[in-house]
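With the hints as extra help, turn the sequences into a complete structure.
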Amino acid sequence: MRFIHLADVHLGAQPDLGYPWSKKREEQIWESFRRVIAEAAEEKTDLLIIAGDLFHRQPLMWELKEVNYLFSTIPDTSVVLIAGNHDYLKKDSSYLRFVWNDNVTGLWGESCSSVYLPKISTWVYGCSYHQREVRENLYRDVRPNGKDGFHILIGHGGDASHSPLDIGKLQAAGFDYAALGHIHKPQILAENRIAFSGALEPIDRNDTGPHGFIRGSCDRKGTRISFVPFASCSYVPLDIPVTEEDTQYSVEQTVRSEIESRGAQNIYKVALCGVRSPEIRFAAERFAKLGQVIETENRTRPGYNIKELQARYEGSLIGEYIRLYGSSEDEAERLAFDYGLEALLEAEGAL
Amino acid sequence: MKIKNIYIRGFGKFHRKQIECSDGINLICGENGGGKTTLHTFLCCMLFGIRRKRGRAAATDTYSRYEPWEFDGNYGGALDIESGGKIFRLERSFLKDRGNTRLVCETDGELLSIEDGDLDMLLGGVSETVFENTVFVGQLKSRTEEGLVRELQNYIANYQGSGDGSLDVGKALEILRARRKEMEAAQREEQSVRAEQGKKLTSRMQFLEEENRRLADELEEVRGKLKQEMFHKKVPYEQVRRAKQRVHRDFKWAAACGGGMILLAALTVMLFYKIPSVIIRIGLSAACVCMAAAMIHFVRRGRGEIREKEEDSSQEEYIRMLKWQAEHLERNMTQKTQELENIQNAYREFCDSGGDDESSRKLQAVSLAMERIQQLSAGMQKELGKYLQKKVSDIFCEITGGKYTQVLVDEDFSLSLYQDGRCIPLAQESTGTVEQLYFAFRMAAEELLCREETLPVFLDDAFAMYDAKRLRQALIWLEKSGRQVFIFTCQDREEKILDELGISYRKTEMTKEKLC
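Going line by line, the protein sequences match chains Z and A.
What the first sequence shows, in our numbering, is residues 9 to 359, in sequence order.
What the second sequence shows, in our numbering, is residues 165 to 680, in sequence order.
The hints are simulated quantities; they were obtained by calculation from the structure and are not laboratory data.
One or more of the hints may lead you astray.
[Stated by the list, open to error] Straight-line Cα separation of at most 20 Å, SDA-like style, residue types lysine to any residue; simulated pairs:
(1) Z:277 with A:354
(2) Z:98 with A:506
(3) Z:31 with A:517
(4) Z:31 with A:356
(5) A:260 with Z:313
(6) Z:99 with A:354
(7) A:644 with A:165
(8) Z:177 with Z:166
(9) Z:31 with A:357
(10) Z:98 with A:495
(11) A:500 with Z:354
(12) A:500 with Z:22
(13) A:660 with A:631
(14) Z:31 with A:366
(15) Z:277 with A:358
(16) Z:32 with A:357
(17) A:644 with A:191
(18) A:345 with Z:291
(19) Z:315 with A:354
(20) A:335 with Z:354
[To be verified] Non-contacting residues of chain Z with respect to chain A, defined by C-beta distances greater than 12 Å in every case (computed):
(21) 83
(22) 112
(23) 272
[What the hints assert, rightly or not] Ranges of calculated distance between the beta carbons of each label pair, as one might list FRET restraints:
(24) Z:230 with A:505: 42 to 48 Å
(25) Z:271 with A:381: 51 to 57 Å
(26) Z:100 with A:352: 39 to 45 Å
(27) A:216 with Z:249: 18 to 24 Å
(28) Z:182 with A:492: 48 to 54 Å
(29) Z:230 with A:524: 49 to 55 Å
No residue lacks a Cβ here, since even glycine has one placed at the ideal position from N, Cα and C.
Encoded structure:
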């Protein structure tokens, strides 16, 4: 029995609202979902598991129709889905009124229930969110029913206000596989047994690293899973080391070539690190024009020789300023110190 | 601390040059370009080390500017220094890779440690900035009287606010203020882009709200119509059902009557002659007629009711349509409400995510820096201001031969002099007086800041604006103060007056020819 496990697709999300590529990202999320379905069709996948948050918000009828159409293109694949904290089942949720294809099953119960898929002799367990937050562990008491076949749990949560999980107990429960959703970072919690597939596409700038789905199979020998990178772009933290030799243009050139080599489709979080020449002042807004740069953080420090400066200005305001504030470890204080020292030295004519 | 000997191994134009110094007044004469500034820089570098800038700025720093013109492997020199009755030798090589400093106490033959601060001790803990702000006296740069007064005023203001005559705290704050403004503008720009996006969401929200209202109105209307129709409907639903049944029954009865009649008629015709009694014959015929009449009656009644029902069913069709409409509107409204709710959530999240932390963090940092500098400056002003005014007055009184008894510095640093019980604004005084006051001020600052060790005084053309009388008084004051004095000059006035006064001095000539 071969399956695809995906979660946190967040259809309808508009990542990076206000940035020029926001619309494109919104479409990419839909497109990625369509590609997964095509992938399932090609691989003749037996089971498609969607572990919650298929939609970013409450699904609308037309959205469900689109999704249902896509499901109808894989009639030989059983689709089992649950509602997560984003698309939770509120009172008049469209999920409940919608008439799905024959191959689609929604586990809409508030506590765990199971469905048997005879064609692949598989039991699938799971439940759905009925409100935004669920503070108790939804999966504490659920166990495989002991009947013949494979037993797969679909879960959603993993933090304090969204069904905190006990991985040890979950492993002990004895499911052939626990397909988890909610945490956007893909991670395998127990080898071939428990995994977060992670979000199919990164949803915001904090979702750095690769994204995709989990492909797996169950047979007599057990379960095997592997992560499949699939997202059309990723958020890449780009730390640019700066030296005192660097200028605005030289750093821009570095950023440009880094973006080129890592792919222009990605979205970059540029951070300038290291020591800059004291007279250089980087114009952060110019880096935003070099590609899909969502933020530029200037963490460089001016390359003053603090000891030398202190010796030189001992007994005057600058010396006193360095003595009082120059050794702070706090980042905000250090930034303030740098600004002040720069202004003082500039006023003094030393720059 | 006194400088006994200056050895220059290689520094700028100087090459293997030795200058012996006296403990009192040293007169260093030379034309412009003779190397007075180089000598001053050399002394500074010897005492405080040479500063290297890093990165691209290195090409124009002090190190590069004073690299020996004739390089023979030496860049640096040595000083013999006397302090506390002992002789020390300070040697420095500024060379990039082999640069080193040695401090030896020649009296004890002991090698001292620069790292442990032995040189700082010789200098009485005075830093380079304080040194340059006090004992090194040049000429005021301005050439107009008004400019001179302003320059002196700035110097005092700067000095009092920062202990550093060339640091204008106000300017530093101005720089920070400009920086903050820049950041705020950038932040506003950023916010306006975000506001644009926010507007898109709110206008979509507005549209959906209006749409919802419209749908609600329509629904209301349809429901109203429905109610009305139900109310005005001539026959209630139950009645219609019953009427239907009745029609059905009527037709059944009609059929039954018809059947009966045909049976009776057939019977009558067939048995007409066999029936014995005329009365029975008549009776049977009458029964036939009655049956026919009854059939006609039922058919008629049934037809009538059908006509009535037909009217009703067109009305019912209408009601069904209204009901369907209402349902459709309701469905539409639920979807629109859902979409509206989604967008409201999106908007809320958008607003919450709002604002770049980075830029507000920077703004806070700039404000914090300003606050700290202001505080420090205020503290220094309070501390320095008090003593300074008294000391300056004392020295100034002495070097003007008691002509002025007091120097007044008011809150906005405008200066005035007290003479014969009258207060004269400094602006009315001559250039020479301003220069004198400048000199007095620096000497006062030296006494304030260099308390542990009396340092040599370097006067670089400081007396150019003095007339003979004032020069005489200044030299007398210097001699009396017991300091080691280096007077750099390009004139012979100082020499003449010193000769006249009978003050001993050591003269070093510096001419272009004798450079090396």
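Tested hints:
no.: 1; hint: Z:277 with A:354; verdict: 17 Å, holds
no.: 2; hint: Z:98 with A:506; verdict: 13 Å, holds
no.: 3; hint: Z:31 with A:517; verdict: 18 Å, holds
no.: 4; hint: Z:31 with A:356; verdict: 19 Å, holds
no.: 5; hint: A:260 with Z:313; verdict: 17 Å, holds
no.: 6; hint: Z:99 with A:354; verdict: 40 Å, violated
no.: 7; hint: A:644 with A:165; verdict: 17 Å, holds
no.: 8; hint: Z:177 with Z:166; verdict: 13 Å, holds
no.: 9; hint: Z:31 with A:357; verdict: 15 Å, holds
no.: 10; hint: Z:98 with A:495; verdict: 16 Å, holds
no.: 11; hint: A:500 with Z:354; verdict: 60 Å, violated
no.: 12; hint: A:500 with Z:22; verdict: 19 Å, holds
no.: 13; hint: A:660 with A:631; verdict: 13 Å, holds
no.: 14; hint: Z:31 with A:366; verdict: 17 Å, holds
no.: 15; hint: Z:277 with A:358; verdict: 19 Å, holds
no.: 16; hint: Z:32 with A:357; verdict: 18 Å, holds
no.: 17; hint: A:644 with A:191; verdict: 17 Å, holds
no.: 18; hint: A:345 with Z:291; verdict: 15 Å, holds
no.: 19; hint: Z:315 with A:354; verdict: 38 Å, violated
no.: 20; hint: A:335 with Z:354; verdict: 9 Å, holds
no.: 21; hint: 83; verdict: 28 Å, holds
no.: 22; hint: 112; verdict: 21 Å, holds
no.: 23; hint: 272; verdict: 22 Å, holds
no.: 24; hint: Z:230 with A:505: 42 to 48 Å; verdict: 45 Å, holds
no.: 25; hint: Z:271 with A:381: 51 to 57 Å; verdict: 52 Å, holds
no.: 26; hint: Z:100 with A:352: 39 to 45 Å; verdict: 43 Å, holds
no.: 27; hint: A:216 with Z:249: 18 to 24 Å; verdict: 22 Å, holds
no.: 28; hint: Z:182 with A:492: 48 to 54 Å; verdict: 50 Å, holds
no.: 29; hint: Z:230 with A:524: 49 to 55 Å; verdict: 53 Å, holds
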